[in-house]
Amino acid sequence: MNTLEGTLADLLVSRLGVVAEDVTPDSTYEQLMLDSLGLIEFLLIIRKEIGVSLDDDALQIRTTLAETARLVEAKGSRV
Amino acid sequence: MTARAAVLSGLGGWVPPRLVTNDQLAEKLDTTDEWIRVRTGIRQRFVVDAGMATSDMAVEAGRRALRSAGESRVDLVVLATSTPDHPCPATAPEVASRLGLGEVPAFDIAAVCSGFVYALAISVAMIECGSADTALVIGADSFSTILNPRDRTTRAIFGDGAGAVVLRAGEAEERGAFLGFDLGSDGSQADLITVPAGGSEQRSMGLVAPEDDYYFAMQGRPVFRNAVVRMSESARKVAERVGWSVGEIDRVIAHQANVRILHAVALELGIPVERLVVNLDRVANTVAASIPLALVDGVVSGHLQPDDHVMLCGFGGGLTWGAAGLTFPSLSVEPLPGLPLPTRPPLPAALPVHAAAR
Numbered sequence: 001m002n003t004l005e006g007t008l009a010d011l012l013v014s015r016l017g018v019v020a021e022d023v024t025p026d027s028t029y030e031q032l033m034l035d036s037l038g039l040i041e042f043l044l045i046i047r048k049e050i051g052v053s054l055d056d057d058a059l060q061i062r063t064t065l066a067e068t069a070r071l072v073e074a075k076g077s078r079v
Numbered sequence: 001m002t003a004r005a006a007v008l009s010g011l012g013g014w015v016p017p018r019l020v021t022n023d024q025l026a027e028k029l030d031t032t033d034e035w036i037r038v039r040t041g042i043r044q045r046f047v048v049d050a051g052m053a054t055s056d057m058a059v060e061a062g063r064r065a066l067r068s069a070g071e072s073r074v075d076l077v078v079l080a081t082s083t084p085d086h087p088c089p090a091t092a093p094e095v096a097s098r099l100g101l102g103e104v105p106a107f108d109i110a111a112v113c114s115g116f117v118y119a120l121a122i123s124v125a126m127i128e129c130g131s132a133d134t135a136l137v138i139g140a141d142s143f144s145t146i147l148n149p150r151d152r153t154t155r156a157i158f159g160d161g162a163g164a165v166v167l168r169a170g171e172a173e174e175r176g177a178f179l180g181f182d183l184g185s186d187g188s189q190a191d192l193i194t195v196p197a198g199g200s201e202q203r204s205m206g207l208v209a210p211e212d213d214y215y216f217a218m219q220g221r222p223v224f225r226n227a228v229v230r231m232s233e234s235a236r237k238v239a240e241r242v243g244w245s246v247g248e249i250d251r252v253i254a255h256q257a258n259v260r261i262l263h264a265v266a267l268e269l270g271i272p273v274e275r276l277v278v279n280l281d282r283v284a285n286t287v288a289a290s291i292p293l294a295l296v297d298g299v300v301s302g303h304l305q306p307d308d309h310v311m312l313c314g315f316g317g318g319l320t321w322g323a324a325g326l327t328f329p330s331l332s333v334e335p336l337p338g339l340p341l342p343t344r345p346p347l348p349a350a351l352p353v354h355a356a357a358r
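Chains as they are written, first to last, in my numbering: chain G, 1 to 79; chain Z, 1 to 358.
Okay, chain Z solo, but in the shape it has when bound (with noise of 0.2 Å):
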């Protein structure tokens, strides 16, 4: 008898209509399209307007995601995001009754940027116990409305946006099979990345806290190392769990942080960066939304194809990380609407963006 898995059926992803470009944060902030593409690799991002919430970007994300999959109908809605509707409830119930999925099992995952990995493993962890057969997995952030209106290198880094998939029970053998995973954490390390005042240890104090600390707050350089060494130890263990060499993975589709972070991630597994799929330079760092709406590119662009060793990896606040590797399967994915597909070579290779700047 073959092992139960979870397959990969559907993906989709959504990003709101309000374009910022690199000038038009420019004309705002101490900083220049130059220092921006240089130090990131972006170039715009998106962004919600007044109204505009998360669950309206998972339920479009979701909506297009169960179109790609066939289905209307799945047993599991997990939505990860650290920028939920409200602080209280869970904003995935209101997204699963919204795409008329029902009194299904929705619960929201908070793991910052490797939020959608973590989402992944428990809903696939579900589908291979049999406690459910189908399930929807968003990542979906409005990160844009917890920015320090004032802090030109965050509002440069993030963009709002949403990406899904859907999953079903499988065999282990079948294209899209999900085939091994790693999470970890360290919270010891909890302050890099953080929203400091507006949670109950704050509150708890019943004092108002000054105005920036109510805003997310990040310390680059070692949120830099971490997330290169993290990533890549994390797909390693991956890799060798499924049982293919570093060199047998033939896409990486790491979190959208910064160009300069996913290139010193190929740089550190020994992989070509041809090999990375990169969307950053068109929607920024989109939080949980980054791996889905890469997958997306990956699938529109061609630069992702079915029988690809796919490995995804994440790291976020908390800190967290983690890495799933599946075979790629076929898949019927729209595009982002208003979005250009990527350049070819998605940016210049070999060399970090500093040096081919010059």
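The following block holds chain G by itself, in its conformation from the complex (with noise of 0.2 Å):
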């Protein structure tokens, strides 16, 4: 897991309640049990805590942790 890859899984942890050992690259959001409401709460977090806005559909259920991580690479963040 990169740098960003396990920032973002951090947040997942702290913040929307995904157990820890569940988190690769890898897994996907409906893996991870979030619903479509927590893929917003999940852009919500990024943006506040990351500093990036992603488009409102940019994660799916399947989306992995690892895209996500280059969505949010490819909209600047330094992380």
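It should be emphasised that the hints constitute simulated quantities derived from the structure, not laboratory data.
Some hints here could point you the wrong way.
Stated by the list, open to error - Short, incomplete list of chain G residues facing chain Z, as computed with Cβ under 8 Å:
no.: 1; residue: D35
no.: 2; residue: S36
no.: 3; residue: L37
no.: 4; residue: E41
no.: 5; residue: L43
no.: 6; residue: I50
no.: 7; residue: L54
no.: 8; residue: D56
no.: 9; residue: R62
Each residue gets a CB set at the ideal place from its N, CA and C atoms; glycine is no exception.
Put the complex together from the two separate chains, hints included.
Dropping the structure here:
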């Protein structure tokens, strides 16, 4: 897991109650048991904590943590 | 000389007697109690019976607010609603008349779920400028009457009700004085929360629209994000105007849209969820009534105390949003008929509901 993936994983665990052992770069949000509102909650957390605004539909339940990290990176995160 | 201000002096609310639980909804729609609770925090809602209109609820809430304030007359009646008794005329004059308030100025404000904050801002401004010495401000909606009977999402989210406050002229240093407002709108996103047909746009076409277009429709994800961002930004602006740090806000009475929106607002503001006043578990989203009904709940449960720094914030269709700050006064408020008090703590704290439910 790279640094950005690690940061995102920490946020999933600390803010959204995801079980730490479940999170790998290949985990999808469906596997992590986030529902569609959970995806929006995570977008808002990324916006607040990393300063990157993703589009409302950027994350889907089959998006993985690694794909999310790439989306955040493409928007200019330096984490 | 101290500045003239508008002071909160009375508060009341009312919900119709017909209770609909999540299980009752699940008997007719493809949904479950758990699905509704996990996604919204809502356990039940009250809805109007046949023949009951928004004005009926507004009169009941208005009467209780006047009683709370010890007033029998006011100079102004403003009703926030998106479900008026008729498309024309406004409902406020009838409400004023039925409350025995005589020939006072009375009008409606339509800003959907932000309506109460908008109505407050106008009424406060009219008192501050000397156009009125007292005002009755009501938020009332019978949204169950515009919901698509086949839509499991909106039927779970919304309930009917009315809440009202009485304002009087006073001084800015008094407890209860409204200290600052922020209002805003973004019409470029008007289609996120809408009843597409039934207005002049569709009627001017001279055609009948598809049946579903006559019902309320909402796009959940962008509405969720906008609600969180707009309410927290608006609350921050008001806190700055009033001279409070965000940490000095004791209680947030945000529009009761969804408990997960409320928790996300707390997270965005960086305040503990215990500072949220929450009643949507028992009354659902009552649109323009939501903030005054939450105020009633806060006072009756003791969650809101005199001298608390209170931030009201609303968000709704338009898009519209707004916030208002005040130091809470001491009020005598009647409990809502038929409504249980909140369980304490009001809802699972710290984590969003979906995680807590696992």
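Evaluation of the provided hints:
1. D35: holds (6 Å)
2. S36: Since the shortest Cβ distance to chain Z is 7 Å, the answer is holds.
3. L37: Where the cut-off is 8 Å and the nearest Cβ of chain Z is about 6 Å from G:L37, the hint holds.
4. E41: Since chain Z brings a Cβ to about 6 Å from G:E41, closer than 8 Å, the hint holds.
5. L43: holds (7 Å)
6. I50: Violated: closest Cβ of chain Z sits about 14 Å from G:I50, beyond 8 Å.
7. L54: With a minimum Cβ separation of about 10 Å from chain Z (threshold 8 Å), the hint on G:L54 is violated.
8. D56: OK, holds: G:D56 within 8 Å of chain Z, min 5 Å.
9. R62: violated (16 Å)
This entry does not satisfy hints 6, 7, 9, going by the numbered hints stated previously.
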